[in-house]
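Order-wise, the sequence lines are chains A and B.
If you count the first sequence from 1, position 138 lands on 138 in the working numbering, and the numbers rise without skipping.
If you count the second sequence from 1, position 196 lands on 196 in the working numbering, and the numbers rise without skipping.
Some clues are possibly wrong.
Identical copies carry no separate label here, and so any pair may be met within one copy or between two of them.
Claimed, not checked - Once the Cα atoms are required to be at most 25 Å apart in a straight line, the calculated DSS-like pairs of lysine-lysine come out as:
{"hint": "1", "residue 1": "Lys-163", "residue 2": "Lys-99"}
{"hint": "2", "residue 1": "Lys-175", "residue 2": "Lys-120"}
{"hint": "3", "residue 1": "Lys-175", "residue 2": "Lys-282"}
{"hint": "4", "residue 1": "Lys-120", "residue 2": "Lys-99"}
{"hint": "5", "residue 1": "Lys-282", "residue 2": "Lys-163"}
{"hint": "6", "residue 1": "Lys-282", "residue 2": "Lys-99"}
{"hint": "7", "residue 1": "Lys-120", "residue 2": "Lys-163"}
Simulated from the structure, these hints should not be mistaken for lab results.
These figures come from a predicted structure and were not determined experimentally.
The primary structure of each chain is shown beneath.
2 protein chains.
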Amino acid sequence: MARIAYVNGRYLPLTDATVNIEDRGYQFGDGIYEVFYAYRGRLMDETLHFARLERSRGEIGLASPMGAAALRVVIHELMRRNRVETGLVYLQLTRGVAKRDHVFPGPVPRPALTITVRPKPEPPEALDGWSAGAITLADERWGRCDIKSINLLPNVLAREAAKQAVALEAILFDKAGMVTEGASSSVWIVGADNVLRTRGLDQHVLPGCTRAAVLEDVATEGLDFREEAFSLEALRQAREVFITSATSFVKPITALDGVPVGNGAPGLIANRLYARYLARLKEG
Amino acid sequence: MARIAYVNGRYLPLTDATVNIEDRGYQFGDGIYEVFYAYRGRLMDETLHFARLERSRGEIGLASPMGAAALRVVIHELMRRNRVETGLVYLQLTRGVAKRDHVFPGPVPRPALTITVRPKPEPPEALDGWSAGAITLADERWGRCDIKSINLLPNVLAREAAKQAVALEAILFDKAGMVTEGASSSVWIVGADNVLRTRGLDQHVLPGCTRAAVLEDVATEGLDFREEAFSLEALRQAREVFITSATSFVKPITALDGVPVGNGAPGLIANRLYARYLARLKEG
Numbered sequence: 001m002a003r004i005a006y007v008n009g010r011y012l013p014l015t016d017a018t019v020n021i022e023d024r025g026y027q028f029g030d031g032i033y034e035v036f037y038a039y040r041g042r043l044m045d046e047t048l049h050f051a052r053l054e055r056s057r058g059e060i061g062l063a064s065p066m067g068a069a070a071l072r073v074v075i076h077e078l079m080r081r082n083r084v085e086t087g088l089v090y091l092q093l094t095r096g097v098a099k100r101d102h103v104f105p106g107p108v109p110r111p112a113l114t115i116t117v118r119p120k121p122e123p124p125e126a127l128d129g130w131s132a133g134a135i136t137l138a139d140e141r142w143g144r145c146d147i148k149s150i151n152l153l154p155n156v157l158a159r160e161a162a163k164q165a166v167a168l169e170a171i172l173f174d175k176a177g178m179v180t181e182g183a184s185s186s187v188w189i190v191g192a193d194n195v196l197r198t199r200g201l202d203q204h205v206l207p208g209c210t211r212a213a214v215l216e217d218v219a220t221e222g223l224d225f226r227e228e229a230f231s232l233e234a235l236r237q238a239r240e241v242f243i244t245s246a247t248s249f250v251k252p253i254t255a256l257d258g259v260p261v262g263n264g265a266p267g268l269i270a271n272r273l274y275a276r277y278l279a280r281l282k283e284g
Numbered sequence: 001m002a003r004i005a006y007v008n009g010r011y012l013p014l015t016d017a018t019v020n021i022e023d024r025g026y027q028f029g030d031g032i033y034e035v036f037y038a039y040r041g042r043l044m045d046e047t048l049h050f051a052r053l054e055r056s057r058g059e060i061g062l063a064s065p066m067g068a069a070a071l072r073v074v075i076h077e078l079m080r081r082n083r084v085e086t087g088l089v090y091l092q093l094t095r096g097v098a099k100r101d102h103v104f105p106g107p108v109p110r111p112a113l114t115i116t117v118r119p120k121p122e123p124p125e126a127l128d129g130w131s132a133g134a135i136t137l138a139d140e141r142w143g144r145c146d147i148k149s150i151n152l153l154p155n156v157l158a159r160e161a162a163k164q165a166v167a168l169e170a171i172l173f174d175k176a177g178m179v180t181e182g183a184s185s186s187v188w189i190v191g192a193d194n195v196l197r198t199r200g201l202d203q204h205v206l207p208g209c210t211r212a213a214v215l216e217d218v219a220t221e222g223l224d225f226r227e228e229a230f231s232l233e234a235l236r237q238a239r240e241v242f243i244t245s246a247t248s249f250v251k252p253i254t255a256l257d258g259v260p261v262g263n264g265a266p267g268l269i270a271n272r273l274y275a276r277y278l279a280r281l282k283e284g
């Protein structure tokens, strides 16, 4: 079955899903995006994702194409047309088509909204096999990574460097040697003190929706937790490292730059939080 | 007359000039670009622009769609079809269309090459009127601004901030308070010591083609010059400030954050270098 995409009000076969070359998303990366995980017809953490979309939109001054309720209708219609109940929903919003000039165009063009969906298997019942290696890399991204923009070239290069090292993710650290986040995930560690840590939100990290949801699970589990930055050194000495994102759920990092993390197997806390994640997924 | 664009081997009316929404340029900003100034049918500093295109391409590992000689043929054919002899040529190259995933796609898709041209008036005979105001702004761009990538959202936001302040350009400074460059230009100052300065090339600035050409003029003029970084404070106290780029040529900045630079008029050295620029333009 041909994949169907949503493009500015129309449902089109993906091969016909096009935008003008003067769409500012194409020439300037002047746009934002969201990725939702759909599980059996429901969008996981959808309130968080729609809120973040609104925030990103406001931060770069994009006009709104439609409200969250209408967007939800479009997404579900697109899932129906693609017969996808469990998978990834990719939504992108750009400033639209205008003669190329850096400044915001006037009059304001219609923002360009494109959405695609594709199937993705359900998460495994246990973490066996659901783990990966990561590399560490200097964070060379811009100063506003809290905006989920489509300026993703540094992330692309970081993930490609990870792939070349037979790893999945690149964990980034700033000039002070503090970990920011993964190229496409939030990063968590459990230290020798058994304290779970993830960096607090600032302009250098994306406010992860899965991160926010897992934070609630951390409280429910009563884990010893601190929301604070940690160093590359602390990362290397961690008993457990795991990442969270809409596509990786809760995923243990079992090797860092080729060196096993802890005993090289998914850790106790990752297992507990993964179980919580699965429970939330199934409760709906 | 409808504008004609070049899109992956075809010459199309601009309204029909489209790319797939899964072009990596659209979803990741995974591409590079060049802007040439064409003057009476000739591409200014074309050797420098083609060399920079090759360099950017290599830095992010893009496949080559064609060599510089073939590209030159396409550009001139596009100028002919648009009846543009003097204007701007915009050329963009992306990693092509692939199912969305950060890592480089395999097999390697055909890179997407798009080119547009549009008329731009010839530069004025003298600098009267050819000047502008600038604002100063923290440089929040990524760590590889030496690559001419289409990840331009920070540049867009900076230029928009300038426009809101009724200025043309945003002059950027790093965390150490040193000027990097303009959001879309190289920056030069003449200090109280009468020394002309522009920052040396590193990963935080674009190797400007017009900058390189003007450097030769600086030598020809025998100006007292140092290629070295200067501070925001030095910028504010400069006698003269000017920018260079393919679209601004040599353009005096006569006000900074609303405060006149020097006596608020184009300076002596900018005038000399602008005259040199015009001479080169006309000599061909």
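(request) Tell me, in ascending order, the numbers of any earlier hints that this structure violates. (result) 2, 3, 5, 6
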